[in-house]
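Let the sequences and hints guide you as you build the complete structure.
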Amino acid sequence: MPKRGPTSTSRITPVHTAVPGRARLQIQGLYRNDALCRRLEHALEGVDGIRFVQGNPLTGRVLILFDSGHGLDRLIGCIEKVLDEQGAKPSSRVSQEPSRKPSGMVREMRQFAKAVRHPSGKGQRSAPQAVFRWHAEAGKEALERCQTDPREGLSYEEAMTRLMQYGPNQLAASRGRSPLSIFLSQFATLPVAMLAVSAGVSVATGGLLDAGVILGVVLINSVIGYVTEAQAERTIQSLTGSAARTAQVLREGVEQSVAGEELVPGDVVVLTPGAYVGADLRLLKCHRLTVDESALTGESLPVTKQAEAVLAADTPLGDRINMAYMGTTVTGGSGMGVVIATREASEIGQIQALVGKARPPETPMQRQLGRMGTQLGVLSGLVCTGVFVAGILRGQGMLQMLKSSVSLAVAAVPEGLPAVATTTLALGINAMRSHNVAVRHLDAVESLGAVQVFCMDKTGTLTLNHMTVVDLRFADGELRVKDGDVLDGEQVLEVEDWPGLRRLLEVVSLCSETELEGESGAYDLQGSPTENGLVELALQQAIDVPVLRERFAREKVYYRSEHQPYMRTVHAHPRGGRLLAIKGSPREVLDLCSHYLPLHGADPEALDDELRERLLGQNETMAGEALRVLAVAFAAFEGENVPRQGFTWVGLVGMADPLREGMAELIGVYHQAGIRTVMITGDQGPTAYAIGKQLGLSGDQPLKILDSTHLEKMDAELLAALVEDVHVFARVSPSNKLEIVQALQRTGQVVAMTGDGINDGPALKAADVGVAMGEGGTDVARSVSDVVLEDNNLLTMSAAIRQGRTIYGNIRKTIHYLLSTNFSEIEVMLGGIVLGLGQPLNPMQLLWINLATDIFPGLALSLEPPEPGVMSRPPRDPQEAILRPRDLRRMGLESAVITGGTLAGYLYALKRYGAGPQASTLAFNILTHAQLMHSLSCRSEQRQLFSFRRRAPNRQLLLAVGGTALAQVLINLSPGMRRLIGIAPLGPLDWLVVAAGAVGPVIINELSKPAPLSPGKQATKEEETA
Amino acid sequence: MKRDFIFTSESVTQGHPDKLCDQISDAVIDRYLARDPLSQVIAECALAGGVMFVASRFASSVKVDLADVAREVLREAGYDGNSGFNADDCTVLTSLQELGSRDFDCLDERQMDEKALDRFVAFNQVNSFGFACEQTPSLMPLPISLSHALVRHLDQERAAGNLPGLQPDGQAQVSIQYRDGRPWRVHGISMLASHDDRLGREPGRLESFIREQVLAPVLSDFACEQDAQTQVSINPYGPILGGGPKLHAGLTGRKNGMDTYGEYSRHSGAALSGKDPTRIDRVGAYMARYAAKNVVAAGLARQCEVQLTYAIGQARPVSVQLDTFDTASIAEEELLKRVEAVFDFRLGAILRDLGLRRLPAAHPAGFYRRLAVYGHVGREDLELPWERTDRADALLG
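Going down the list, the protein sequences come from chains A and B. First residue of the first sequence? That's 1 in this note's numbering, and the numbers climb one at a time after it. First residue of the second sequence? That's 1027 in this note's numbering, and the numbers climb one at a time after it.
No lab work stands behind these hints: they were computed from the structure. Careful, some of the hints might be misleading.
Said to hold, decoys possible - No more than 16 Å apart at the CA atoms, straight line, and that leaves these computed lysine to aspartate or glutamate pairs for EDC-like:
id, chain 1, residue 1, chain 2, residue 2
1, A, K713, B, D1379
2, A, K693, B, E1124
3, A, K285, A, D149
4, A, K81, A, E41
5, B, K1028, B, D1349
6, B, K1272, A, D715
7, A, K911, A, D990
8, B, K1141, B, D1379
9, A, K713, B, D1114
Next up, the structure:
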């Protein structure tokens, strides 16, 4: 190959071309662009003379092996051609896009993603989808391009063909680390490197056996690390899966529901409120269509769409009002659109292609622990160097000291702190899953444990959202309803005997939009909760609603409006003429009435003023009891003109939405756990008050209700000042929940918020813990939440909080154990050498301690069951570091006590046996056992080890401690192991000393802990709810 | 007795934040009593930063939507439009506490005999004052009567829409010069009226409107004219744009002077509004006025102040005092004796004789809330039991 300067073009820069037949080239636009990478590889592999192509989107470079006969220039020409085929120039596209709306992160990703439009994922080959500026074209043109008829949609055949061609409309799930990379990562750590050095030194000095042992240690460590991390990885990966979604599409002229994955370009999609937009659409028809695009643009206000608009080509994504994008949701209105891009060709697909690559971000705790681990690692490293220097000064052999201090470093450096957190959090997620809590983000577990305020929806969350008739009032009688029976006092009434009651039930069954589906006797009522409740009572009273509705065929419906707060329906009367049924606001309905129907008699009687007053009084009394009150009346008339007065009053119906069972107790549990509870409702004051009182939301304090229909108009600072002690937000709309969350967060609180509706999305996202309801919750709510309660049961939430607190505690316990024992190892070595007592432990012993005492007891501690008082304590301060200075002091103290015990035993042995294996064996055994005992002490920050109070045992810990102790005894008994580890047999007296040296420190440490909370205070409520 | 002096009283409109709070507090009382006359309620109100705070402690069989009450009052006071503060948009923070023990639980004065009424006892050590004088037909001091009449007229003009742009917040202060103990001339009048931009651009229009449509008719009603020396100031410190809760805060019970006699006589420091009639610090003032007014109406004195002092746990006042400022036609000792004989000052008797707990039910548009603006005493627009002069004959003996 002729020697000449590498040719570079504007887009391709040769990086390394010195070796003939091998070139490394920098390609513009390849950086972080998987799709281009695959295209390049695919295209170039087909070129004659090219033997191997490997691109790397992380560096933006491509490595090519080729027959050196072919010139480099030809190669560059080929690549240029591939780049040209892309059509749009990536760099210019990015700059064209005035990215005004998207939030920071999204914007960045979009810029990376912008370049190329047809990736193929998951190994399935899929044809590239064409890219046009759809928003700059009329809808008709889009239809032509897609070859679709807007009235017919695609044929089944065509849809299938396109599905085969373009692949299923599915976003590639984020790829986790492969098992191999997890396994390999176990070796790429500092301790392993040090061990390798140590092994090398051993080999060099002829200690092949030592080297073998070291390699064994490395292997065992790695396998265990792999197993736990792979498990955690699986759990974390499983979080990203989302629920199956469907879309309404036109196929062969018929509107039908298909799975979201089956959408293909050209499909005509029908949009209704609450629908998830399953693919990128060019809108064809809109009727007041509003779409929440926050998932895509970060804009929390819904965007109003207009199909007719044709926009400039450079219109930013957030302003393309004639498009609807995959991943967004319809918040109102209706519309129709044609699919123009699916799967990874969609806007969100391009973002996700990049997001998917990124690991879930580290949680604050993981970051904190990572930082701390590094600091402590450096510190331990310094101490180990100190041990080395001190040893040399004390006249220990250079080589010996080198091996010792490396081993010490390996044993003492707390390398796995972030991994502890990850593993424990993942274990916690699994535990919660068994409680029907689906956690969607790793850090949600952490936040769960810190929740300070819990905001709950009233309707459907605290209550059943099942309106039930409880009270019936007639002009001449008051009846109660209980379990479907109508009661007069204690007496159950038969509807046949009471014409007034019968008429009331008939009117509410007729003046109703509730549909009866399913079989007679087991109807499924489809309608609003209020109307369902009324029809339900009619059915319970053996009114045959379908037959009734057949006899009185409905001719017309007048819905309630602001000025006419009642609903009217016109029915054909079987005996000629018409019947007007009416139900609605009592005062207004009464104004229309001139007569009333007595409960006891069949004929209407005239209403006088006194009676009117009494009826209004009934209404007020019922409203005061927090009931939803509706008046029921009717009129018979002839002809076409609907009467405006002269109605006959039948009675008042009082309805309530009953609380779910156990809610008051639940609120008590939260209060006990120091969590403030807030109810959010659209109800009026008295209803809100009645329910707030029933729930005990304010404890024994006055109940504070914030009544506002326009929270968004309030000054944010002012709202933040007010919300601190509000128990109930009344008359607020769901969209105001965002203001409530933000106001609470302004006061520095960690906020959890429930939601299930379309409008709840922004609030759930803003909350520290967004809690979505599993059953009946909308996709929006689920997709932005942190936690999903699959059984819709708030009781589950307290289990989740309890679990969150436990997990946080367990991470602390594990770290506490790991650090304090590591400290003790360093201190023993440092102490021995500084005091001129020689090396208390040899390298092999240190490695054994690292292997035996760190791993299993540490893992077992992360599985600790919840402590009894965990739900009687206030939530932790979210600002507090996971390891506080006083924790470190405490660890220092505990490790010093353990060191004291070990060195005391070591001194005794030195006195008795002199320096040598005997003494170090004693120190080795004492330290190992003391550490194992210490793990039991680490179960609680309070004094508990010697208390007789029952506490759920940690079987794994007992097993780990027992097993390790047994192994320790076994190596003492086996001559082979003794030789390997360098220990001597011990006599009975020595074993006594070991026992004393190991148990003594635990007793001292345990006694120096604070006494536990008084027993009566804890372990009461949460035991019941567990 | 002082003879030649100048005295000033003031009153504020319905839309003044302090008065809004008083009206809301009393509207809450009305709502409870209208449906459960035996309710016991304490309602307090504050208005700041566009947020309404309503706190209520109650023992009642009915539930009241405090926020709804508050909005209704605000709407009626004129905060219903697009001005800065709006009855429907404003946030209402309510704090509700049920009183655990209903001390008067089953005590219904209508079902009780004379003796049993002793079971109604005072909860506080309280001084209550009542006053009457011959300065006006309603037997009230002239400065406060004039002030009330001015703000009431201003409110009516605004409600009628006679001056577009006029806002609900306003105030009137009236100084009367006395000679020989009798009102002699109007020394000065100052009025504040809030308004919007429209009037802000032409302040002259507001001033001439108030002079011609408010001052002139009211003064002629009272048969007193302003003279050349009378100082009249209207919005003396420039335009008051918006006004109301956006401009300044309000609190229940801060306008005790104008609630009673415009500081012309003594008044108790305790608020009158926001208390149900079992609170002696409220109804004691009514009863004292009843007694004083009848004394003057009977012609037994030209001016009379009655002071009742109650002690905790006692039904009857521990002290009844009377001062006629040397205007009595009979000996004060004798007068006091007659007063004590004619009026039963026990709490239970006050409730019964004035029918205080049933008044809200009899007045669907509200009873106590009407008192919370333009004064609790000397009202001629309302039929107040304590303004009756039906005991005058008895006093004459």
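- Message: Flag every earlier hint the structure violates by its number, smallest first.
- Response: Number 1 only.
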